Each structure stands twice: as structure tokens, then as C-alpha cells.
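Using the hints provided, position chain B with the ligands relative to the given structure of chain V.
Okay, here's what each chain looks like letter by letter:
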Amino acid sequence: MKLSVQNAFVKYKNKKNNTLEDVSLDFSSGEFVAVMGPSGSGKSTLLACMSGILKPHHGKVIWNDKSIYELKDKELSQIHGKEISYVSQSNIFLKEYTINENILLPYNIDIRNKEWLEKAKSILEKFRINQLGNNYPEQLSGGELKRASIARAILMSPKVIIADEPTTGLDKETAGIILDYLDKLAQKEKIVIIATHDENVKKYCNNVYNIEKGKVIRKTYHER
Amino acid sequence: MFKQNVFRKVKIDVLHNKFSIVIVVIFAFLIFSGSVINNSLRNGINNMEKRLGADIIIVPAGSKENAENMLLEGQRSTFYFDRKVFDTISKFEGVSEVTEQCFLKSMSADCCSSEVSIVFYDPDKDFILAPWIGNINQKKDTESKKIIVGYNVDVSKELGIMLFGKKYEIAGQMAKTGTSLDDSVYFSFDEMKDVCKRAEEKGAFLTDIQKKENIISSVYINIKDGYKVTDIVRQCHNELEEDFDTVFPKELTKALSKSYINILKLINIILFTGGTFLMLILALVNIISMNQRKREIALYRINGNSVRRVSFRILSEIILVNIIGAFVGCGIGILVIIPFGNYIGTLFDMPYLGPDFIGIIILTIKAIAIITLLGVVASCNPIYKVCKIEPYLALRKEGE
Ligand SMILES: Nc1ncnc2c1ncn2[C@@H]1O[C@H](COP(=O)(O)OP(=O)(O)OP(=O)(O)O)[C@@H](O)[C@H]1O
Ligand SMILES: [Mg+2]
Numbered sequence: 240m241k242l243s244v245q246n247a248f249v250k251y252k253n254k255k256n257n258t259l260e261d262v263s264l265d266f267s268s269g270e271f272v273a274v275m276g277p278s279g280s281g282k283s284t285l286l287a288c289m290s291g292i293l294k295p296h297h298g299k300v301i302w303n304d305k306s307i308y309e310l311k312d313k314e315l316s317q318i319h320g321k322e323i324s325y326v327s328q329s330n331i332f333l334k335e336y337t338i339n340e341n342i343l344l345p346y347n348i349d350i351r352n353k354e355w356l357e358k359a360k361s362i363l364e365k366f367r368i369n370q371l372g373n374n375y376p377e378q379l380s381g382g383e384l385k386r387a388s389i390a391r392a393i394l395m396s397p398k399v400i401i402a403d404e405p406t407t408g409l410d411k412e413t414a415g416i417i418l419d420y421l422d423k424l425a426q427k428e429k430i431v432i433i434a435t436h437d438e439n440v441k442k443y444c445n446n447v448y449n450i451e452k453g454k455v456i457r458k459t460y461h462e463r
Numbered sequence: 071m072f073k074q075n076v077f078r079k080v081k082i083d084v085l086h087n088k089f090s091i092v093i094v095v096i097f098a099f100l101i102f103s104g105s106v107i108n109n110s111l112r113n114g115i116n117n118m119e120k121r122l123g124a125d126i127i128i129v130p131a132g133s134k135e136n137a138e139n140m141l142l143e144g145q146r147s148t149f150y151f152d153r154k155v156f157d158t159i160s161k162f163e164g165v166s167e168v169t170e171q172c173f174l175k176s177m178s179a180d181c182c183s184s185e186v187s188i189v190f191y192d193p194d195k196d197f198i199l200a201p202w203i204g205n206i207n208q209k210k211d212t213e214s215k216k217i218i219v220g221y222n223v224d225v226s227k228e229l230g231i232m233l234f235g236k237k238y239e240i241a242g243q244m245a246k247t248g249t250s251l252d253d254s255v256y257f258s259f260d261e262m263k264d265v266c267k268r269a270e271e272k273g274a275f276l277t278d279i280q281k282k283e284n285i286i287s288s289v290y291i292n293i294k295d296g297y298k299v300t301d302i303v304r305q306c307h308n309e310l311e312e313d314f315d316t317v318f319p320k321e322l323t324k325a326l327s328k329s330y331i332n333i334l335k336l337i338n339i340i341l342f343t344g345g346t347f348l349m350l351i352l353a354l355v356n357i358i359s360m361n362q363r364k365r366e367i368a369l370y371r372i373n374g375n376s377v378r379r380v381s382f383r384i385l386s387e388i389i390l391v392n393i394i395g396a397f398v399g400c401g402i403g404i405l406v407i408i409p410f411g412n413y414i415g416t417l418f419d420m421p422y423l424g425p426d427f428i429g430i431i432i433l434t435i436k437a438i439a440i441i442t443l444l445g446v447v448a449s450c451n452p453i454y455k456v457c458k459i460e461p462y463l464a465l466r467k468e469g470e
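First to last, the sequence lines map onto chains V and B.
Be aware that the first sequence starts at 240, since it is given in my numbering, and climbs by one per residue.
Be aware that the second sequence starts at 71, since it is given in my numbering, and climbs by one per residue.
These are computed hints drawn from the structure, not numbers from a lab.
Treat the numbers as computed from the prediction; the structure is a model and nothing was measured.
Errors might be hidden in some of the hints.
[Said to hold, decoys possible] Label-pair restraints from in silico Cβ distances:
#1 V/Lys250 - B/Leu336: 52 to 58 Å
#2 V/Ile301 - B/Leu390: 40 to 46 Å
#3 V/Arg351 - B/Ser329: 58 to 64 Å
#4 B/Phe382 - V/Ile301: 26 to 32 Å
#5 B/Val84 - V/Asn352: 21 to 27 Å
#6 V/Lys452 - B/Phe382: 39 to 45 Å
#7 V/Asn374 - B/Ser386: 25 to 31 Å
[Claimed, not checked] Here chain V is said to cover these stretches of chain B; the calculated rule only asks that three of the stretch's residues, wherever they fall, bring their Cβ under 8 Å from a Cβ of chain V:
#8 355–368
#9 376–387
#10 453–465
[To be verified] With a cut-off of at most 20 Å between alpha-carbon atoms, the simulated PhoX-like pairs for lysine-lysine come out as follows:
#11 V/Lys252 - V/Lys454
#12 V/Lys427 - V/Lys442
#13 B/Lys467 - V/Lys254
#14 V/Lys334 - B/Lys81
#15 V/Lys423 - V/Lys442
#16 V/Lys294 - B/Lys455
#17 B/Lys467 - V/Lys250
#18 V/Lys334 - B/Lys364
#19 B/Lys298 - B/Lys324
#20 V/Lys353 - B/Lys79
#21 V/Lys427 - V/Lys365
#22 B/Lys458 - V/Lys250
#23 V/Lys252 - B/Lys458
#24 B/Lys467 - V/Lys294
#25 V/Lys334 - B/Lys88
#26 V/Lys294 - V/Lys321
#27 B/Lys120 - B/Lys195
#28 V/Lys311 - B/Lys458
#29 B/Lys455 - V/Lys311
#30 B/Lys281 - B/Lys263
#31 V/Lys334 - B/Lys79
#32 V/Lys313 - B/Lys455
#33 V/Lys294 - V/Lys311
#34 V/Lys365 - V/Lys398
#35 B/Lys320 - B/Lys294
#36 V/Lys358 - V/Lys398
#37 B/Lys236 - B/Lys267
#38 B/Lys364 - V/Lys252
#39 V/Lys398 - V/Lys313
#40 V/Lys360 - V/Lys321
In this text, a Cβ means the ideal position worked out from N, Cα and C, and glycines have one as well.
Extracted from the complex, chain V is given alone in its bound form (with noise of 0.2 Å):
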């Protein structure tokens, strides 16, 4: 499994700059990697361009050999959520609803469902937040709404997970928590990438790749 940005150009209609410029990144699987740089250097933008929901002015995004901005929006639909999963920077929350039917209804499966069900908790208990289940969002923390927002964002197994700052604003040990999770996942030959201001992150990931101004200027190889 690969994926890969090929010389993407992304530029905000307001912004005079690009704000990523010609980049080109490669990802195989059991990757775990971290896009560190300073604020407003683009991190958020590169992560949206690789997981298919911000279309770049320039340059593809190929996975599987599969160029996810030409496909129909129905084809690209199908990869989303099944095969490559985005959590926002921001928690999501759909606030009419429990955390099991914000982790289900997106994906048009029937609160009612046992089989799903069964499978969301099952990943809420592996985050440690299976008893707020039947909560409404706005009763739970912001480390466990972070935590809600990644186990919806695996629910269905998929091979890539990016995650926008997972661990900002939450607590060592919670942050751990999300972390070793992720871990995991990398193990099982998922390819994970994250954004984060986090240097205590470094020590999960086989890549950093550094930004500034929409540019990659650095690659480091870390030993896990």
C-alpha cells in the first residue's frame, strides 16, 4: 500500500502565497509519521491535500496507484472512511446525538445495529470512554471528544489514518493513550500520519517530516 503527494501546490484564494508548494511526499505501510513546523506553515493544508478533501490547484495525491482527485466523486466517496480516515483539528460532534450515534450516523449505519454498535464500543473501550457511550458531546471533555473523533475515524478499519493534531491541549497521559493506539495501528501495517507541535511525539515515528511556508525542508529517520 503507497501513498504518495506529488508535487502539490495548494494556494487559498484569499493568500497571495502558496501555501504548499510543490510538495512530494512517500508513504508505505507500518508508517507512523509526524509533519511538524510552525504555526500557519501549512501542516493542516498538507494533511487535508493527502486525505482527499482538499483538492490541489497543482500536482495529484496517488493511492494505490490511483490518482483520489480524478476519481468520480462517487469513487472517491468509497475511499474515504473505509480506506483513508481524516480527523479534523477540531472535534466534529453532531450535538443531537449520543457519541455512539456520532460515531455510527456518518457512516449511514442504524444506531440499532448490534454488530456496529458492539464494534464502536469496543474501540471507545480500547480509549478508555466506552461508558460515555450514550453521552451527548457537549458532556464530555475535550480530550474525550478527541478520543471519540479518532475511534469514529477508525471504525472501519481503514489503512490510512491522518489525524490533525491529535494529542494538542490533552494531557500526558491521555495523549498517551491516543498515541499507543495509533502505535498499534502502524504495527498492523496501517500508515499513520499526523500533524503536531508535540516533539514528545518523535519517539513514535519512523518520519518527521519538517515544513515551513508550505515548503518541506527537513526528513528525519527516527528509530522506534
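Relative to chain V, chain B with the ligands alone:
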């Protein structure tokens, strides 16, 4: 479990669209009441045309207005002249059909809770009542005397009816007119003496004129082909000994049709301007609410829903909300418009025949269909636009 879930989904859907549902309710109310009023006025006129089955009506002098009111609104009033008038007219040249009626008075009767109007007619010559008799009892029974009753007279229990201590057989019942004609009971002229006597025995007060046997209230005339109204009226002037007034039912309907068209125009203008205005607001509300929900929509998309699928999902929600809103709007319409139907009729000075149960259901379904269609039209574009935004741009919160 299932019901609870459906209920919850509906609740959440309505909550999501709480502003647009208010507009939909108002909109549905407008359309529903507009069509009910339109429908009732049209039915009123059609119905009136049916019961104005004469070219000319001759009434005693000075009762023209009362007679017209009776035709239009079914308001009974008493006026009489001598039966000779009828006999004379019967011999006129150019008369194809002629029949006479006599309205005695309205009084309480043992059969009915409200007062009934006692009318006498000529079963052999009649062509006025026949066209709008709803159901006719074919049973031949020589013993009891036959009468025709209006729509409101309760005859469901038995085919016979007790009036002033005597049992009558129902020969037929009139279709609904929505006017006080529905409370009428039509006796043959043969019964006149008997009915008057019995009514008096039961305590009804009759004037001296009403006690006479040879009185009638109006003469209905149909003209032969090749003759004109003026031919008949001229003969009336020449030969009738009593003063009289003429009523031309067809002209009445013509005037009514004209004012109906004007009212219809008014209704349409209100519906059109109100509708356009509401559609604009609805579209605006949809744009705002879709923008508020763009993160939710993006969430569906990043979890594997195509633009189409998400659009349909939101659209079906909007359709559901529209149907609910339209239902409520029609419900309010039923509560407000139906009970005040007769008042609306008098307001417009028009015959007004409100829809029956099935009519209401049909109008409700129509209104719901129209509203839902318009709701979809007003929301399609905003939905599609927001669903198409690149998920990342939709997901981002300020300051990320
Ligand atoms: N939708 C947008 N419209 C315009 N400019 C944008 C948009 N999204 C991001 N930018 C700009 O692009 C640049 C990179 O943003 P991005 O969010 O990718 O940075 P980041 O490295 O993730 O920052 P942080 O560490 O603060 O999350 C920033 O200068 C930002 O202002
Ligand atoms: Mg970021």
C-alpha cells in the same frame, strides 16, 4: 424502540429546520385556505346555477330583493300572491315549463332540532327541485304522503319522518347547498290545508294571508326555444291582475361569476405575492441553515458519503419537514377556515359551499404536494452548493 427512534429523528429534523418550518406552515395555510375559499365559492356558484333552473321567476311586487336573496343565500322570506297568477302564466305563449312554489314559514318541528322551512311545491309540474335531489326513494307507498327534504333534515334513522304529528314518507333528499335551504321540507300543494291546520294545532302562528288556501309565493318559468324573455314579461304586464316583480336567475349567476372571478384574482394575487415572498425567505433561511450545517455535511462526506448521497439525505430531511409543516398549516386552515365558511360567504356576498370531508382531504393533499415541491425548489440549490464545498474548507473552524 423503532417508534422512539423515528420520533427522535423527526424531532431532530424539525429542530434543524425550525425557521423554515414556520415559513412552510404559513405558506401551507395560505395555499390551503386560498384553495378552500376558491373551491367553496365555485361550488357555491355551481350549486346555485343548478338550483336556479328557471329563466324567469315571477314574484309579488316588492319582493324582488327578498327573492334574489333566497336564490343567492337561501334566506327564506315570505311573500304571497294569488294562485291565479300561476294559472294565467300557464296559458302564456312561449312558456315551455312552469311551476309554482309557496313558502309558508320556518318553524320548529318534531323531527328536527333546528327550525325547518315549510315549502309547498307541485310534484307534477316541478322542474326546480328535481335536478338537485340527491337520493330518491323509489318505494311506492300509497298510505303516507310523500315529501322532499333538505340536506340537513335528519332522515337517517327511518325513511319516514314525523311532522306536526303525522308521519310522512321521504320521496327524496336534496343535495347540500350550504344554505338555509338545507333545512327545508317540501310538501305537495295537496297537503297545504292539512299541514297548516296541524301546524296551527301545534301552536304555530299563521297570518290571515297564510291561512288562505290559494296563495303562492313564486312562479318559475322556462321559455320555449324561439321566444325571448321580453315576450313573457310583456304578456305578464298585459295579463296579470296583480303587481309583480321579475327575477332573472341567469343574470344573477352572471353577476356572481364576475365577482367570483374578481375574488379569484384577488386570491391568486395574494397567493402569488405572498408565495414569492415566502419562497425568497425560505431560500434565504435554507442558505443560512445549510451554511450553519456545513460542518455536519462535511462530516458525512469525510466518512464516505458522496455529494449526491449527502444532498439526498438533507433533501429528504427537508421534504419530511415540509410535509410536517404543510400538514400543520393545513390543520390550522381546517380549524380556522372551515368553521367560518358561512361567514366568509356573507363577507363576499356570495354563495359559499364548503368542501366535504373528502374534499378537505383532497385539498390538503394538494396543498402538501405543492408546498413540498416548492420547498424542494427553494432548497435544492443551497443544499447542493454546501454539499459540494470541499470537505476540508467546510470543516475548518476559524483560527485553525
Ligand atoms: N480556508 C483558508 N482560506 C485562506 N487561507 C487559509 C485557509 N486555510 C488555511 N489558510 C492559510 O494557510 C496557511 C496554512 O494554514 P494551515 O492551517 O495549513 O497551517 P498549520 O500549519 O496547520 O497551522 P497550525 O499549526 O496553527 O494548525 C495559513 O497561513 C492560513 O492562514
Ligand atoms: Mg493546523
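Verification of the supplied hints:
1. Checked against the hint of 52 to 58 Å, the C-beta distance between V/Lys250 and B/Leu336 comes to roughly 57 Å, which is consistent with it.
2. Taking 40 to 46 Å as the suggested C-beta distance range, the pair V/Ile301 and B/Leu390 conforms, at roughly 41 Å.
3. Range check, V/Arg351 to B/Ser329: Cβ separation about 59 Å, and the 58 to 64 Å hint holds.
4. Range check, B/Phe382 to V/Ile301: Cβ separation about 30 Å, and the 26 to 32 Å hint holds.
5. Between B/Val84 and V/Asn352, the C-beta spacing of about 25 Å keeps the proposed range 21 to 27 Å intact.
6. The hint said 39 to 45 Å for the Cβ distance between V/Lys452 and B/Phe382, and at roughly 41 Å that hint holds.
7. The given range of 25 to 31 Å is respected by V/Asn374 and B/Ser386, whose C-beta atoms sit roughly 28 Å from each other.
8. Closer than 8 Å: that is the beta-carbon criterion, and the segment 355–368 of chain B has 3 residues meeting it against chain V, so the requirement of 3 holds.
9. Judged by the Cβ-Cβ criterion of 8 Å, the segment 376–387 of chain B is covered by chain V as claimed, because 4 of its residues qualify and three suffice.
10. Requiring three or more residues with a Cβ within less than 8 Å of a Cβ of chain V, the coverage given for the segment 453–465 of chain B holds, as 5 such residues are present.
11. Restraint check for V/Lys252 and V/Lys454: satisfied, since their Cα atoms lie roughly 19 Å apart, inside the 20 Å limit.
12. Taking the CA atoms of V/Lys427 and V/Lys442, the gap is near 18 Å; set against the 20 Å cutoff, the hint holds.
13. Pair hint B/Lys467 plus V/Lys254 holds up; C-alpha atoms about 17 Å apart against a cutoff of 20 Å.
14. For the proposed pair V/Lys334 and B/Lys81, the alpha carbon gap of about 13 Å is at most 20 Å, so the pair holds.
15. Distance restraint check for V/Lys423 and V/Lys442: the Cα-Cα separation of roughly 14 Å lies within the 20 Å cut-off, and the hinted pair is therefore satisfied.
16. At roughly 17 Å between alpha-carbon atoms, V/Lys294 and B/Lys455 fall within 20 Å of each other, so this suggested pair holds.
17. In summary, the hint linking B/Lys467 to V/Lys250 is supported, as the alpha carbons are separated by about 18 Å, within the 20 Å threshold.
18. Using a Cα cut-off of 20 Å, the hinted pair V/Lys334 and B/Lys364 holds, with the two alpha carbons roughly 14 Å apart.
19. With a C-alpha separation of about 18 Å, the suggested pair B/Lys298 and B/Lys324 falls inside the 20 Å cut-off, and the hint holds.
20. The straight-line distance between the Cα atoms of V/Lys353 and B/Lys79 is roughly 19 Å, inside the 20 Å bound, and the hint therefore holds.
21. Taking the CA atoms of V/Lys427 and V/Lys365, the gap is about 16 Å. The hint holds against a cut of 20 Å.
22. For the proposed pair B/Lys458 and V/Lys250, the alpha carbon gap of about 19 Å is at most 20 Å, so the pair holds.
23. Between the alpha carbons of V/Lys252 and B/Lys458 the distance comes to roughly 17 Å, so the proposed pair stays at or under 20 Å and holds.
24. For the hint linking B/Lys467 to V/Lys294, the alpha-carbon distance of about 18 Å falls within 20 Å, and the restraint holds.
25. This hinted pair checks out: V/Lys334 and B/Lys88 have alpha carbons roughly 16 Å apart, not beyond 20 Å.
26. With a CA separation close to 19 Å, the supplied pair V/Lys294 and V/Lys321 stays within the 20 Å bound.
27. With a CA separation close to 17 Å, the supplied pair B/Lys120 and B/Lys195 stays within the 20 Å bound.
28. As the CA atoms of V/Lys311 and B/Lys458 are separated by approximately 13 Å, the hinted pair is consistent with the 20 Å bound.
29. Our distance criterion of 20 Å between C-alpha atoms is met by B/Lys455 and V/Lys311, whose separation comes to about 17 Å.
30. For the suggested pair B/Lys281 and B/Lys263, the alpha carbons sit about 8 Å apart, so the restraint of at most 20 Å is met.
31. A hinted pair counts as satisfied when its Cα atoms are at most 20 Å apart, and V/Lys334 with B/Lys79 qualifies at roughly 13 Å.
32. A C-alpha spacing of about 17 Å is found between V/Lys313 and B/Lys455, which places the hinted pair at or below 20 Å, so the restraint holds.
33. For the hint linking V/Lys294 to V/Lys311, the alpha-carbon distance of about 13 Å falls within 20 Å, and the restraint holds.
34. A threshold of 20 Å between alpha carbons decides the hint, and for V/Lys365 with V/Lys398 the separation of about 19 Å falls inside it, so the pair holds.
35. For the proposed pair B/Lys320 and B/Lys294, the alpha carbon gap of about 16 Å is at most 20 Å, so the pair holds.
36. A distance of roughly 17 Å separates the Cα atoms of V/Lys358 and V/Lys398; the hinted pair therefore holds under the 20 Å criterion.
37. With a C-alpha separation of about 12 Å, the suggested pairing of B/Lys236 with B/Lys267 holds against the 20 Å cut-off.
38. With a C-alpha separation of about 19 Å, the suggested pairing of B/Lys364 with V/Lys252 holds against the 20 Å cut-off.
39. Annotation: proposed proximity of V/Lys398 to V/Lys313 holds, straight-line Cα distance about 19 Å (limit 20 Å).
40. Of the supplied pair hints, the one linking V/Lys360 and V/Lys321 holds, its CA atoms being roughly 18 Å apart against a limit of 20 Å.
Comparing the model with each numbered hint stated earlier shows that all of them hold.
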